[in-house]
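Asker: Construct the entire structure; sequences and hints are all you get.
Sequence order for the protein chains is A and B. Each residue of the first sequence is one higher than the one before, starting from 0 at the first, in numbering that gives the first Met the number 0. Each residue of the second sequence is one higher than the one before, starting from 0 at the first, in numbering that gives the first Met the number 0.
One or more hints might be untrue.
A short list of chain B residues far from chain A (calculated; beta carbon distances all over 10 Å) [as the list claims (entries may be wrong)]:
(1) Ala42
(2) Gly53
(3) Arg269
Some chain A residues close to chain B (C-beta under 7 Å, calculated; not the full set) [claimed, not checked]:
(4) Tyr63
(5) Asn67
(6) Thr70
(7) Val71
(8) Gly153
(9) Gln156
(10) Ala161
(11) Leu189
(12) Phe240
Calculated directly from the structure, the hints in this document are not laboratory data. The model shown is predicted, which means the values in this text are computed figures rather than measured ones. Glycine included, every Cβ here is placed at the ideal spot set by N, Cα and C.
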Amino acid sequence: MRQMAWAGGLLAVAAVFALAGFTRGFSVTLAAALTLCIFSFLYKDNPFYKFAEHLFVGVSAGYYIILNFWTVIVPNLWDPLLATFKGDVGPGNAHRAWWEVVFGAQLGEYRYWLLLPGLFGVLLFTRFVPKLAWLSRWALAIIIGVYAGIKTTGFAQGDLVAQAEDSMRTFWIPGDVAGSLNNIIFTLGLVTSLVFFFFSKEHKGALGLTARVGIFFLMVSFGAGYGYTVMSRISLLIGRFQFLLDNWLGLVRF
Amino acid sequence: MAGAGRFEGFDRRWLFLVVWILVMVPLVRPLMLPLVVTPPAQAYHDAIEAIPDGSNVLLSADYDPGALPELVPMTKTTLRRLFSKRCKVVVTCLWNGGPGVVDQAVRSVAEGEFHLTDGEDFAHLGYKAGNESVMVLMGQGFANAFPNDYRGRPTAAMPIMQRVRDYGSIAMLVSISAGYPGTKEWVQQVQARFHVRMVSGCTAVSAPEYYPYLRSGQLLGLLGGMAGAAEYERVTGLTGPATRGMDAQSLAHVFVAVCIIAGNVLQWTRRRAAAGGARGQP
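Answerer: Written out as structure tokens, the structure is:
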């Protein structure tokens, strides 16, 4: 009896997949099947989940390699260099001197300069040859240096200066009690939270009290962060259900 | 103690089942729970409505399929409003898993609903590796960083790219972001340097990080997660998947809140019982 129930259940599932595959297309049905494979982990770990997980990792790795090759290496390095070596100076550049064309950053695409990043990119692969692995450090040094510079200036402009400027608020806004109260609470939270992270003196007495108030504000911010995280995760579930109900089964239109 | 102890071996799969039901049922039978438009979402709408008709806009859709239910609805609603205002929109993507999803969203609105011409009215430049360095490079010209569009066509020859050349030629930067690189980096590298008017739509999990930018005026508006997307749909008079998902969202949130309260009560009861037991010992 139990075996018959299992067989009936499997037959029903197969019928749903066959019908959906016929009416909604193979790719949508495959996506739905993989979604259900992942969902099956909620019951317990199983081969269907493992299969979907491994398939995702493998496909993602292949996809990202191909995507980066065709959208970065080819258009930003290979094609411009090829055009440069062919002597193609690009539209509107015929009147320019050769050095303006091949080294001119403002021209965008016809640059011998690209040989340098190309070379350093190749050097990264020397890590596979132990004797030459040290060469990859040059490329890594450039990457780290450039990113450190970009991040530092960006943070200084976008966060440090702008946020420090915004933090200096007036406590009393004439005619706006709510706004004034908001600014006072904001400043209280800012100062007490900063005090909490001041570890050069033991948190006792007035300093300890201020730090405890800071903890209160930090807890409120963690709570808000947790609430938003729950919303994000539930949204993912809703998105998958909308896919199953709409795109796959066609029961509801969203 | 006995009451609290009963839940020691509680199978959490029952919780999964309840969440499953609470999410699934409202999607099939909507409850039409009220939805209030919050000031950040209203500000996002107002900022987009304030740009002149026919302006150039850069929309950076920095997400992948993992953020699809939260960010695609707000991407589509934003594009609908921009195309209604006859804006020329250039779309970029800095997440390697994203360009396929973004292309589908852009084309469904631009070509499917507004019958616009690719390369003239809008352009999807696709993905580019490099995170912040791409943003900086785009300052020397968008075509400089993106020589080809998503479909491999040269961008320099496109009519829209004659108008939308660099940050100086855009009226607004719209960042739809799921994390790094995203809104934070656009603010740091572009808004702060080029003083571009900027709004952001983001996943709920990253929204708290961006509120300071909204307060300081670096962002003119902010949509946080599916709720933000639903509010924007409401304020623009549209009903999309975000609005339809909010009933399920609300019920699931109530259930999570109930679970947190119940868990705390149980924990408190257990501690109290344990303290009582310790006092009773000789």
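Asker: Please name the hints from earlier in the document that this structure breaks, with their numbers sorted from lowest to highest.
Answerer: Of the numbered hints given earlier, the structure breaks just one, which is hint 11.
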